[in-house]
Amino acid sequence: MKTRHYKPVILTLAAIMSLGFGLQTADAQIKGTEKAVLLKAPQVPPVITRTHATKVIVEMEVKEYVDRLADGVEYTFWGFGGFVPGPFIRVREGDHVEFHLNNHPDNKLPHNIDLHAVTGPGGGAASSFTAPGHSSTFSFKVLNPGVYVYHCATAPVGMHIANGMYGLIQVQPKEGLPKVDKEYYVMQSEFYTAGRYGEKGHQPFSMEKALDERPDYVVFNGSVGALVGDNAINAKVGENVRLYVGNGGPNLVSSFHVIGEIFDKVNIEGGDLVNKNVQTTLVPAGGAAVVEFKVDVPGTFIIVDHSIFRTFNKGSLGMLKVTGKANPDLYSGKTEDSVYQPEGQPTLTTPPAKVQKMTKAERIKTGERLYNTSCFACHQSNGKGLPKIFPPLAKSDYLLADVDRAISGIIYGQKGPMKVNGEPYNMIMTPVNLTDDEIASVMTFVLNNWGNSGDAVTPERVTKIRKKGPAKNAVTSK
Amino acid sequence: MNLSRSIVALVLLTAGAAGAGDLPAPPKAPLGMVYIAPGEYEPLFKSEGKKAVSAFFMDRHPVTNAEYLDFVKVNPKWRKSRVRRIFADHSYLTKWVSDDTPGPDPEKSLNSPVVHISWHAARAYAKWKGKRIPSQAEWEYAASASKTKPNGKEDPDHYRYILDWYSRPTPKVMPAVGSTYKNYWGLYDMHGLVWEWVSDFNTALVTGESRGDAGLERQLFCGSGSVGASDFKDYAAFMRYALRSSLEADFTTANLGFRCAKSINIPKKKD
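Protein chains in written order, with the numbering used here: chain A, 1 to 478; chain B, 1 to 271.
Derived from the structure by calculation, the hints contain no laboratory data. Please note: incorrect hints may appear among the correct ones.
[What the hints assert, rightly or not] Mimicking EDC-like on lysine to aspartate or glutamate, the simulated pairs with C-alpha atoms at most 20 Å apart in a straight line are:
hint : chain 1 : residue 1 : chain 2 : residue 2
1    : A       : 209       : B       : 155
2    : A       : 63        : B       : 164
3    : A       : 395       : A       : 436
4    : A       : 209       : B       : 67
5    : B       : 108       : A       : 106
6    : B       : 147       : B       : 164
7    : B       : 77        : B       : 234
8    : A       : 209       : B       : 157
9    : A       : 200       : A       : 67
10   : A       : 179       : A       : 199
11   : A       : 236       : A       : 208
12   : A       : 209       : B       : 164
13   : B       : 131       : B       : 67
14   : B       : 153       : A       : 208
15   : A       : 209       : B       : 234
16   : B       : 172       : A       : 261
17   : A       : 200       : B       : 164
18   : A       : 357       : A       : 368
19   : A       : 265       : A       : 230
20   : B       : 172       : A       : 264
21   : B       : 172       : A       : 106
[To be verified] One side only, chain B facing chain A, incomplete, derived with CB under 8 Å:
hint : residue
22   : 86
23   : 91
24   : 150
25   : 153
26   : 164
Model, not experiment: these values are computed from the prediction. We treat Cβ as the ideally placed atom computed from N, Cα and C, and that holds for glycine.
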């Protein structure tokens, strides 16, 4: 029980496949044995190509471990396979699954697994109930094709799920899957922490917030930023992309959307029913969906929960980076810009800076951390933003022309058209929930990074701006 | 030891001599134990009804590695290398360096609670000490006390503290006993250090037969787990019940220790 198998067992697979050629009629008969390939999200195991049922052995370890939830924020996760979400399990309709649930000896709690793909009481929960340092084995036959959530169902169920115990299992239909170029695994879930979003340090689980369904974090693949920057998923122009989208909950329903794409095909709720040309698809808590689309133009496509405050204030933002040749016929980019401004921009005067308690270098250091928590998702780690969507901060004429305006924007939010370095933008920046001291640090960082050079911003200056109240183009009125 | 026994006897005599209507003074607890006054314990599942808990003595802190070492020295059949598998599984005292050296840290671990201990082993130790393992009702009743009140259930800080501990990973070396707070009864470490064995760990719920797919575990999964619970916010208790029902008497785990209890034999008054 101590051995863990996360690597593809190519040899076994090959051996099994060679046994299984032909004989359509015999495809219900179990032939051979293979070990399930378990990979960390967003990766999915290879498509099953065999044409007969087999015995699939799943070795799943449960671990309780501390890891990053957001920059500077740690959380004690409980994870299947040692990850959140748990690995994607792939089996074929009619397979006989032998499931081994191994509860790591250092764990504090008993765990089990309820697989929605199982037909049987508790989905395997009672049979897989395992004390720390022990291992349970149970078997089931997968009867219904589709994509299913699995989760821990040990009391208190809500807490086990809230701490990360969920994943997806696909039961591939006998007739196989239509071929696509790229497959990825994206699972949404939310976290309830004692401290508010972005509050530093190890954050314990908040039972009160979970009961009130008030999460601090709504994320894809287990942490803020797990699907952005270097961790973004990729495709090339012209490729067909299939996303297996799960929702672990524990409470929220996802309005899954990819900005700038239309799903050609959606297997609603992970079942057989296919809808076409879908903009946003609902993924229930404890449910899944399969979305497919062809990527026609290059660029970064933002993956969101279109319950949109979750995206801009709680972390549910991922990226699909598409490379290849532009196609102006399909998407021209900006062709013309002209001024349309019914209301004037507010003008603010810069109050004199006071002596700061933190040195400039200290502010830059603190500010960098804050930036990488609260700002980077839109303005990017390199400060360059995203063309046409999020304006740059690096060498930004708009920013440098009026720092107070930017500070006011952080405090009260900012909306409406603006022009930065000659490019027009028209997005909403929601108020960022930071203290005056934190804003001073993050602005000092922004003003002294990526080729910008400026003075340190003091908390007193931020307080003064806050007292002035929201500007005309602010988002909040308070 | 003799001195404290005679004090107990003395106190009992005094109590017997008290006038009608006066509450008897609590008996003096043996060394290392505290007196727990009688009361009522409300099980997690309402259907079980409230249970009266008689007065009893309980160890002030969980049994330490050093204390357990004394036991195995004079009871060699409970040594790590000698224990019979049916009484303790393969991880019995697994962190001990050897048969007579507690671990993982031979020095620091001495005063830490003994863990990787089976129910059989805990019972054998208690018997050797002239004590016993507390029942689940006794343990839960004593553990429901917060720092200041015999019933901490209404104190959100109390159950938050417990939940916080449940969601922290196991430390490499267990802290020493007494490192958490002292509760209303004078007990240390009822929460925040280790899980503790109770005598009836697998007979907690009403279903009778405790093992098997159709038994009590089902009540702890998904929807069924919440139906009969007396306080749905008592997630902390849920976790203890869940842990207990995942155990068998030979199981040993990294977070599971024990402490002893002792009944009080107060002679009944003749009316």
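### Query
When the hints from earlier in the document are held up against this structure, which numbers fail?
Hints 3, 4, 7, 10, 11, 16, 19, 20, 22, 24 and 25 not satisfied by this model.
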